[in-house]
Structure formats: C-alpha cells, structure tokens
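As given, the protein sequences belong to chains A and B, one line each in that order.
Quick note: to get my numbering, add 16 to the position in the first sequence (first position is 1).
Quick note: to get my numbering, add 301 to the position in the second sequence (first position is 1).
Just so you know, not all the hints are guaranteed correct.
Unchecked claim - Derived coverage of chain A by chain B (criterion: at least 3 residues anywhere in the stretch with Cβ under 8 Å from a Cβ of chain B; other residues may be distant): (1) 77 to 85; (2) 88 to 97; (3) 105 to 118; (4) 180 to 193; (5) 298 to 310.
Rather than coming from a laboratory, the hints here were simulated on the basis of the structure.
Predicted model only: the values in this text are computed from it and were never measured.
Glycine residues also receive a C-beta, built at the ideal position from the N, C-alpha and C atoms.
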Amino acid sequence: MAKELKLMKGNEAIAEAAIRSGCDGYFGYPITPQSEVMEHLMAEMPWEKTGMVVLQAESEVASINMVYGGAATGKKVMTSSSSPGMSLMQEGVTYLAGAELPCLLVNVMRGGPGLGTIQPSQADYFQTVKGGGHGDYQLYTLAPASVQEMYDFVFKAWDIAFKYRNPVMILSDGAIGQVMEKVYVGDYVPRWTDEEIAKNAPWAAFGKPASRDHNIVTSLELDSAKQEKHNHRFQAKYREMEKNDTLYEEIMCEDADYVFVAYGSCARIAHKAVQIARDKGIKVGLLRPITLFPFPTQPIKALAQRVKGILTVEMSAGQMVYDVKLASEFKCPVEYFGRYGGIIPTPQEVVEALENKLIKG
Amino acid sequence: MFNEEIVKPENLVYKKTDVLTDVIMHYCPGCPHGTIHRIIAEVIEEMGIQDKAIGIAPVGCSVLAYNYFNVDFVEAAHGRAPALASAIQRLHPDHHTFTYQGDGDLAAIGTAETIHACNRGENIIIFFVNNAIYGMTGGQMAPTTLVGMPSATTPYGRRVDLNGWPLQITELVAQLPGTYYVTRQSASTPADVRKAKAAVRKAFENQAAKKGTQFIEFVSTCNSGWKMTPVQANEWMRQNMFPKYVLGDIKLEGQIVREYNPEDSKVIRELKSVK
Chain A
17 MAKELKLMKG NEAIAEAAIR SGCDGYFGYP ITPQSEVMEH LMAEMPWEKT GMVVLQAESE
77 VASINMVYGG AATGKKVMTS SSSPGMSLMQ EGVTYLAGAE LPCLLVNVMR GGPGLGTIQP
137 SQADYFQTVK GGGHGDYQLY TLAPASVQEM YDFVFKAWDI AFKYRNPVMI LSDGAIGQVM
197 EKVYVGDYVP RWTDEEIAKN APWAAFGKPA SRDHNIVTSL ELDSAKQEKH NHRFQAKYRE
257 MEKNDTLYEE IMCEDADYVF VAYGSCARIA HKAVQIARDK GIKVGLLRPI TLFPFPTQPI
317 KALAQRVKGI LTVEMSAGQM VYDVKLASEF KCPVEYFGRY GGIIPTPQEV VEALENKLIK
377 G
Chain B
302 MFNEEIVKPE NLVYKKTDVL TDVIMHYCPG CPHGTIHRII AEVIEEMGIQ DKAIGIAPVG
362 CSVLAYNYFN VDFVEAAHGR APALASAIQR LHPDHHTFTY QGDGDLAAIG TAETIHACNR
422 GENIIIFFVN NAIYGMTGGQ MAPTTLVGMP SATTPYGRRV DLNGWPLQIT ELVAQLPGTY
482 YVTRQSASTP ADVRKAKAAV RKAFENQAAK KGTQFIEFVS TCNSGWKMTP VQANEWMRQN
542 MFPKYVLGDI KLEGQIVREY NPEDSKVIRE LKSVK
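Just chain A, same shape as in the assembly (with noise of 0.2 Å):
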C-alpha cells in the first residue's frame, strides 16, 4: 500500500481514517475537544470523493440514532464526540449492543464531572468499559495513544464491529485529539458495494428482496427466557473478544522491578517516566492496555506475580486500577497515580509517585 506522510491532529486523523477506510456515513454533533472531526469531513467532502455520507445532527441523541439507522442497514456508520456529549449518546449505545449493530463510537474524553472542563481526561474509562448505558454489555474498545493509531484504529475497528456484530469504541482523550503529529496514511479502501453488505451483514435491513424473509433489526425480546439466551450469546461472544483480540504492548518489562499501567497519553507520560526512573537506577517497565475491554489480564497476572509492585497511572480519580488489582490477584502491591480534572500528570510526578506509594512505602 502506498504511503503518505501527514501533520495531523488526532480529530483529524481520526476523520482522514474514516474516508480512507470505506466508511459509509459520519452523524455528528459539535463539542470540544473534538469538532475537528467534523470539520475535516466537512471540508474535505467525501461525499463527492467516495459517497460517504456526513451529516451535522442536532444534538448527541439524534446523531447516534442515526448510526443506529445506517448500522441497522449493514453500513459503515460512526460517530465522535467528548464526555459530556457521549453521556448523552448512552441510551443509543446500549441500544446498538443489544441490537448487536456494528458501528464506531469516539470518544475524545474532557474532564468531568457535569460539564467540567474541555482539557484532557480519562474519567470516562469506568463509563466505557463497565456499563454506561443500561445491561449487560461491553464495547469492545481501543485506547490510542498517538495520532497513528488514532488513524490505524478507525481500520481496525471495523474489523472488529463486523467480526463480532458489536460496537467498537475509541477511547481518546484531549491531548491525543489536539497534538500534531506525524502520520503515515495509506490508499482509499473503497465502500462496501450493494453486493458485499447481503453478504458480509446478511441479517441488516437494507430491503427485503423476495429470495429471502424479512430482516429485523430489535434489541426486543419480551420473552425473559429468550432474553437470556440472547444474554448468554452475548457473553459468549465477549469471551471470544478476550480469547482472541486483546491488545497490549509491554515496554522493558523484561528486567523490570516496578511496572507502570497506562493507556492513551498516559502511556506516553508513563514512557518518558520509565526513561526517568532508568536514570536514577530504577528498573521500570510500562505495560500498555491498548484494549481497554478486553482487558490484558493474563499479562497483568503474569507480572504481578515476579514485579516489586504496579502502579497505573491515569487521567481520573483511580477507575483502571480497579481492572489492574483483580489482574494482579494480589499478587504484588497494586497503587494508583493520577491527576484529573483536565490536568496531566508530568513524568516527573509518575516518577516521585513510584517512589513513595511502593519504593519507600
């Protein structure tokens, strides 16, 4: 595949992913940090390059029930917005679940709570990954933490929606959405025909022809029994997410005494950290959820079990830490680190952390 090189904010990328990869619809609502991606849409109109659609909802719910509608007729509809717009979009969220639609969601996480701040934050990870709407349900969910992956991931998350029937979130946040940043950008993948929806999403609503029954698109089941089954099927599958498609990235974990947890722009404060604590004669390393559901437990488990101690580090209050102690099975002191409110952690903090809630504690 050709490859070109391009400055980009991560909204950006996040748009130029989308036309690039055959999205077929983005439904949207402004909000800061991330109206870039809208706007780049808006101006690149793709419409005219590759039929996609963009449309400018008025408000969060209109816009995710409108990827509701298009993914309900096998199409490659997305959405993106911040906090206090995603809190709004929970009802269509859970609805998609359980409709089991695949679509993508981007959330470029401000601070909370309420209407909070627009600087940078990752306090919607507990929103994500544990619920947020109502039900039982997960979104498989991808944490970038440069502007490459804010782009790499649009590609990977259809491959995942479509596999698995189910939503696919990317969990970004302020910092990641607004820094420039060199990214490689590949060739136009062309839109789905007619012809690849019947037979990649043959159970969507796209017009019923004659040669088969009438398709229905329902997160309805009033027979409890049946809604169950419907559960169980769920589950299962999101077992299989975590059998086959977590992602994870260790960094110099292989001698290390202490390791950091961090996703998104906090594994790049993490990183940076790391290199501090080398140093000063620390022996770090950085385990990186690059899914935040499914969870790199096993991994995690692994580490407890022969590191000195862990410690996450995240833009909220402590909310991954809960994920990383079940992981860890106690098997080594597990601390948390972090800032919030829109405020990033300096390396310098994650470093002075390190050493007083597990070297001298």
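Chain A is already provided as a structure; the job is to place chain B on it using the hints.
Just chain B now, with coordinates in the frame of chain A:
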C-alpha cells in the same frame, strides 16, 4: 356446503396483501393500528416497492409493527425514529424509508428529532398515529390529550394550568420548509380509510420523486385506554377529536393549503360524552 365458485381466481374480490405477514396482531379489538398497517402495506404492494421499503418501529403499542409488515424493519429507541430514518434514507437514497410513530413517541420524547428531520426536508415518510394517550403503558396523558380529557395521569381531566395545552404538532411541522406533504387522516369509516390510503399513496409517490418530508397524521382511537367500546370510541373521536384535530390536507406540494391560527389552539371545547 362449500361453494367451489368462491375459490376460483376470477371470483377473487379481496386478498390480504403479502406485505403483511400472517402473524396474529397483538392490538386490542377496535384498535385502528391494524387498518393503518394494512393500507400502508397495500400501497407498498401496489407500487411494487417491497424490496425498497425500510420501516422504523417506535416505542409504544406499535413497537411490534416489525412482526406484521413483511418488509425490512428497524426498531428504534423511544422518539428517535426520524433520526434513524434520516440516516437510512441518506445512505439509501433510492429506498423508501418510513417511520410509524405514536403521539407520545413523536410529539413528546421525540419532538426534537421530528422537528429537525422535517426541517431538513429528509426524504422520508412519517406516519403519526394520534390517539391522544399513551396506550401501551396504560393510558397516561400524551402531548395530544384534549383539555378536560381524563387519562391515567390526569384522572380528573387534562388541565391547562397543570399540563399545558395539547400540542398540534402536525400544524407545526407544516410550517417548516422541509415538509412537502402534510395531511391529517383517520381510519374511522370505510370512506375515511379510502381517503387515508390515497394519502399514503401520494406520500410514497412524492418520496419516489424525492420531494422531501411526507407527514401523515392518523387521528385514532384507543378504546382500551379511553375505557370505551370500539363503537363508542369511534363516536367519541368524531365528537371530540375531530373538532380539535381537523381532517384534511394542511400542506400540498410544499404549499400550505389550510392556514393555522395559533389562537385556535386555545379554544377549549366542552367534551361530549358518548353512550
């Protein structure tokens, strides 16, 4: 004795459309949903667009409409059908996307989606069944409940000081530049059903010509929720609903054909009881 003559094809006088399934409907005896379903399905069959039709079901009594229409169907969250339809029709511009919604779904929780889809002129059909009540949840007040009309949440009748005025959303969407055809129909008599079916046909034809939003209200009964017999409910609708929700075309070919005076909204009519 079985008469062999009646099964001969040349003697066929009526056949249930294949665009309705044979699933037994859950609607109450006397409910007009079945008739409204049928005329929509018949138009789809007559126009030969079954393979292009995509329906959106609401939340409410007609949530299970997808079991009865033999076309591809999507079940929406409460009030969001016009948002789904907007996206679907844009992604499939040569298809026939239609929503089927009740008054609570369309005119209360889904007001924003309704107004904005109509204002954008989405090339969709909105079928709006107005029975002035939340039927499925047990007869609570709807945005279209008449002043003085009892319901489960207005047991002594709707009061303007407590509950505000009934919302005439059909007159409202007619004001928007995106709507092309806005009409109010009913299925209360055979003559009304024939008129309503002609309106449904016109809506689908306008959609095929990509004219913008088609909006058809069906003034309807809910004899269970109103606690009347079907016959009483039909008569009560004629006596009390029709003076407020006047039947006929409101907008034709993008032009208002029946002006709406907002002062009319404030006319309180004494409700007539029906024996």
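Each hint, compared with the structure:
With 8 residues carrying a beta carbon less than 8 Å from a beta carbon of chain B, the stretch 77 to 85 of chain A meets the three-residue requirement, and the given coverage holds. By the rule of at least three residues with a Cβ nearer than 8 Å to a Cβ of chain B, the coverage given for the stretch 88 to 97 of chain A holds, with 4 such residues. Only residues whose C-beta sits within less than 8 Å of a C-beta in chain B count toward coverage, and the stretch 105 to 118 of chain A has 4 of them, enough to reach three; the restraint holds. Here the stretch 180 to 193 of chain A counts 0 residues with a CB under 8 Å from a CB of chain B, which misses the bar of 3, and the coverage is violated.
Coverage of a stretch by a chain is defined here by at least three residues with a beta carbon nearer than 8 Å to that chain's beta carbons; for the stretch 298 to 310 of chain A and chain B the count is 0, and the condition is violated.
Violated hints for the displayed structure, listed by number in ascending order: 4 and 5.
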